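Participant: The residues making up each chain are set out below.
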Amino acid sequence: MNIVIIDYGSGNLRSVAKSFERAARAIDCDSKVLVTSDADAVADADRIILPGVGAFADCLDGLKSVTGMEEALQESVIDKGRPFLGICVGMQLMATLGREHMDTMGLNWLSAEVVPIKSKDINIKVPHMGWNNLVISKPAHPILSNLPPDAHGYFVHSYAMRCHAPEDVIAEVDYSGRITAAVGRDNMVGTQFHPEKSQATGLKLIQNFIMWSP
Amino acid sequence: MLKNRIIPCLDVDGGRVVKGVNFVDLIDAGDPVEQAQVYDAEGADEICFLDITASSENRSIIFDIVGQTAEKCFMPLTVGGGVREIEDVRKLLLAGADKVSINTAAVHDSELVSKAAKKFGSQCIVIAIDAKAVSDKKFEVFTHGGREPTGIDAIEWAMRVADCGAGEILLTSMDRDGTKQGFDIPLTRAVADAVTIPVIASGGVGNLDHMVQGITEGHASAVLAASIFHFGTYTIGETKAHMARAGIPIRLGDQPALGEVSRIRHHV
Numbered sequence: 008m009n010i011v012i013i014d015y016g017s018g019n020l021r022s023v024a025k026s027f028e029r030a031a032r033a034i035d036c037d038s039k040v041l042v043t044s045d046a047d048a049v050a051d052a053d054r055i056i057l058p059g060v061g062a063f064a065d066c067l068d069g070l071k072s073v074t075g076m077e078e079a080l081q082e083s084v085i086d087k088g089r090p091f092l093g094i095c096v097g098m099q100l101m102a103t104l105g106r107e108h109m110d111t112m113g114l115n116w117l118s119a120e121v122v123p124i125k126s127k128d129i130n131i132k133v134p135h136m137g138w139n140n141l142v143i144s145k146p147a148h149p150i151l152s153n154l155p156p157d158a159h160g161y162f163v164h165s166y167a168m169r170c171h172a173p174e175d176v177i178a179e180v181d182y183s184g185r186i187t188a189a190v191g192r193d194n195m196v197g198t199q200f201h202p203e204k205s206q207a208t209g210l211k212l213i214q215n216f217i218m219w220s221p
Numbered sequence: 005m006l007k008n009r010i011i012p013c014l015d016v017d018g019g020r021v022v023k024g025v026n027f028v029d030l031i032d033a034g035d036p037v038e039q040a041q042v043y044d045a046e047g048a049d050e051i052c053f054l055d056i057t058a059s060s061e062n063r064s065i066i067f068d069i070v071g072q073t074a075e076k077c078f079m080p081l082t083v084g085g086g087v088r089e090i091e092d093v094r095k096l097l098l099a100g101a102d103k104v105s106i107n108t109a110a111v112h113d114s115e116l117v118s119k120a121a122k123k124f125g126s127q128c129i130v131i132a133i134d135a136k137a138v139s140d141k142k143f144e145v146f147t148h149g150g151r152e153p154t155g156i157d158a159i160e161w162a163m164r165v166a167d168c169g170a171g172e173i174l175l176t177s178m179d180r181d182g183t184k185q186g187f188d189i190p191l192t193r194a195v196a197d198a199v200t201i202p203v204i205a206s207g208g209v210g211n212l213d214h215m216v217q218g219i220t221e222g223h224a225s226a227v228l229a230a231s232i233f234h235f236g237t238y239t240i241g242e243t244k245a246h247m248a249r250a251g252i253p254i255r256l257g258d259q260p261a262l263g264e265v266s267r268i269r270h271h272v
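If you read the sequences in order, they're chains A and B.
My numbering puts the first residue of the first sequence at 8, with every later residue one more than the last.
My numbering puts the first residue of the second sequence at 5, with every later residue one more than the last.
I should point out that these hints are in silico values taken from the structure, not numbers from a laboratory.
These numbers were taken from a predicted model, which means no experiment stands behind them.
Think of the CB as a built atom: it goes at the ideal place given N, C-alpha and C, for glycine as much as any other residue.
Possibly wrong hints are sitting among the right ones.
[Said to hold, decoys possible] In silico DMTMM-like links for lysine to aspartate or glutamate, alpha-carbon gap of 20 angstroms or less:
(1) A:K125 / B:D197
(2) B:K184 / B:D213
(3) A:K39 / B:D213
[Stated by the list, open to error] Over 12 angstroms on every C-beta distance to chain B, these chain A residues come out as not near it, computed from the model:
(4) M8
(5) N9
(6) G61
(7) S72
(8) H159
(9) D181
(10) S220
[Claimed, not checked] From chain A, some residues computed to sit far from chain B (all C-beta separations above 12 angstroms):
(11) R21
(12) T43
(13) D47
(14) A48
(15) D53
(16) G59
(17) E82
(18) L104
(19) K132
(20) P146
(21) D157
(22) E174
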């Protein structure tokens, strides 16, 4: 299995790669994990991961500046239906619109917008930083099945995704209101939290994603 | 709901974990990568490495330690110490740090905070503030590991770096660090109540009630300690259980697992 992690200059991808290698090893999956900015590799991938840290517009610019990457993603994820996982801003980029600093069009794979987390209370700090327990929609999406009891994800973000179709939200957390923790539609999933940083819960989710056949 | 975090901190000098009392008299407390794996296995919420290596020729050792840790521990990792410019932040992030903490350099050039936040995102920029009480309810920022006074008010400085885009503040009381007398609660609370970003309380933990007080009285989002963990006074698990009993929201249930770590505990 070719697992491809897209490198478009956003953040540290080593932890993501290492977590996928570890998860694949734990389930005896014969796989190759590749961190790449090569659009051809994305077009040929069996699993595609789009990480992302920083600002929405910067990430989108970074992605678009890689020759052929948007087209490769379109072909692989939308046309061929290959399993796709967006992490943090990588998930947010799946939305129609990002409203961080300015309005920026996203990949528009999900009808959603990315809006600031508003703090009305000094006790509600922004960024939403740390471990929050996942409230998983029932029935659980395959990537969220059999997680450890009382599963927590590690979050660090100041903007949150608001989905227009409630069924696209597969997990939420409570942070002075409900915040989208994970999304899923067809062959696409995304997590606002960092599975590669979420210890046993994260590794189990990654295993689920590797084994998932949408 | 969001949980309060327990963060073991490893002071690293020349590749070894050390812990000083009032930042001097270092005692060797082991191998940082192994120690980090133990904390990971015990369910620590984050790990913090503070590189206190003075000699520049040994500075690169920390990159190797961060890299090895990031390959083995799938949890958040904050690294600080000696971060002077944007390039240092980038190198640490590329080595595997999730967050980079900046201290003295930010005081000398506050634009470094906004530049780093803009370049890498606020989420990975932690500003470390070392503060000392100078009079009743007045706290001053110190730099260079607590040796240099700056004349800057700690609370004003915290508000300023938050405005510049810092994602978090790591607040250390220089009066309490290494004393085991507990956090400086008035300092912690004054800073935590003044900013809308999370504050990590640091300096002075001697027992588990101190950890509780950092949250309940100091209003910190996370509590950091070093020696109580290094020297085995308390485990992360005991700390979490104690804090949960005190009514603090703590992540307890989902144990980190998937092998490869349990054996390490025996030879630390």
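Participant: None of the hints should be skipped; say for each whether it holds.
Facilitator: Going through the hints against the structure:
For the hint pairing A:K125 with B:D197, the CA-to-CA distance comes to about 17 angstroms; that is within 20 angstroms, so the pair holds. Distance check on the hinted pair: B:K184 and B:D213 sit about 11 angstroms apart at the alpha-carbon level, within 20 angstroms; holds. In summary, the hint linking A:K39 to B:D213 is not supported, as the alpha carbons are separated by about 48 angstroms, beyond the 20 angstroms threshold. Every CB of chain B is more than 12 angstroms from the CB of A:M8 (nearest about 19 angstroms), matching its label as outside the interface.
The claim that A:N9 lies off the interface holds: its Cβ sits roughly 21 angstroms from the closest Cβ of chain B, which is beyond the 12 angstroms cut-off. Distance to chain B contradicts A:G61 as a non-interface residue, since its nearest Cβ pair spans about 4 angstroms, not more than 12 angstroms. Against the 12 angstroms criterion, A:S72 stays outside the reach of chain B, whose nearest CB is about 16 angstroms from its own CB. With a minimum CB-CB distance of about 5 angstroms to chain B, A:H159 fails to clear the 12 angstroms threshold, and the non-interface call is violated.
Residue placement check: A:D181 does not keep its beta carbon more than 12 angstroms from all beta carbons of chain B (closest about 5 angstroms). For A:S220, the non-interface assignment is confirmed: its Cβ lies about 23 angstroms from the closest Cβ of chain B, beyond the 12 angstroms cut-off. The claim that A:R21 is not at the interface with chain B is violated, since a C-beta of that chain comes within 12 angstroms of its own (minimum 5 angstroms). The Cβ of A:T43 sits about 16 angstroms from the closest Cβ of chain B, beyond the 12 angstroms cut-off, so the non-interface label holds.
The Cβ of A:D47 lies farther than 12 angstroms from every Cβ of chain B, with a closest approach of about 25 angstroms, so its non-interface assignment holds. Against chain B, the non-interface label of A:A48 holds: every CB pair exceeds 12 angstroms, the least being about 21 angstroms. No beta-carbon of chain B comes within 12 angstroms of the beta-carbon of A:D53; the shortest separation is about 22 angstroms. Non-interface call for A:G59 relative to chain B: violated, since the shortest CB-CB distance, roughly 10 angstroms, does not exceed 12 angstroms.
Taking the minimum C-beta to C-beta distance to chain B, about 29 angstroms, the non-interface status of A:E82 holds against the 12 angstroms cut. The claim that A:L104 is not at the interface with chain B holds, since no C-beta of that chain comes within 12 angstroms of its own (minimum 19 angstroms). For A:K132, the shortest C-beta to C-beta distance to chain B comes to about 5 angstroms, within the 12 angstroms cut-off, and the non-interface label is violated. No beta-carbon of chain B comes within 12 angstroms of the beta-carbon of A:P146; the shortest separation is about 20 angstroms.
Non-interface status of A:D157 relative to chain B is broken: a Cβ of that chain comes within 12 angstroms, the nearest being about 3 angstroms off. No Cβ of chain B comes within 12 angstroms of the Cβ of A:E174; the nearest lies about 24 angstroms off, and the non-interface call holds.
Checked against the numbered hints given earlier, the structure breaks hints 3, 6, 8, 9, 11, 16, 19 and 21 and satisfies all the rest.
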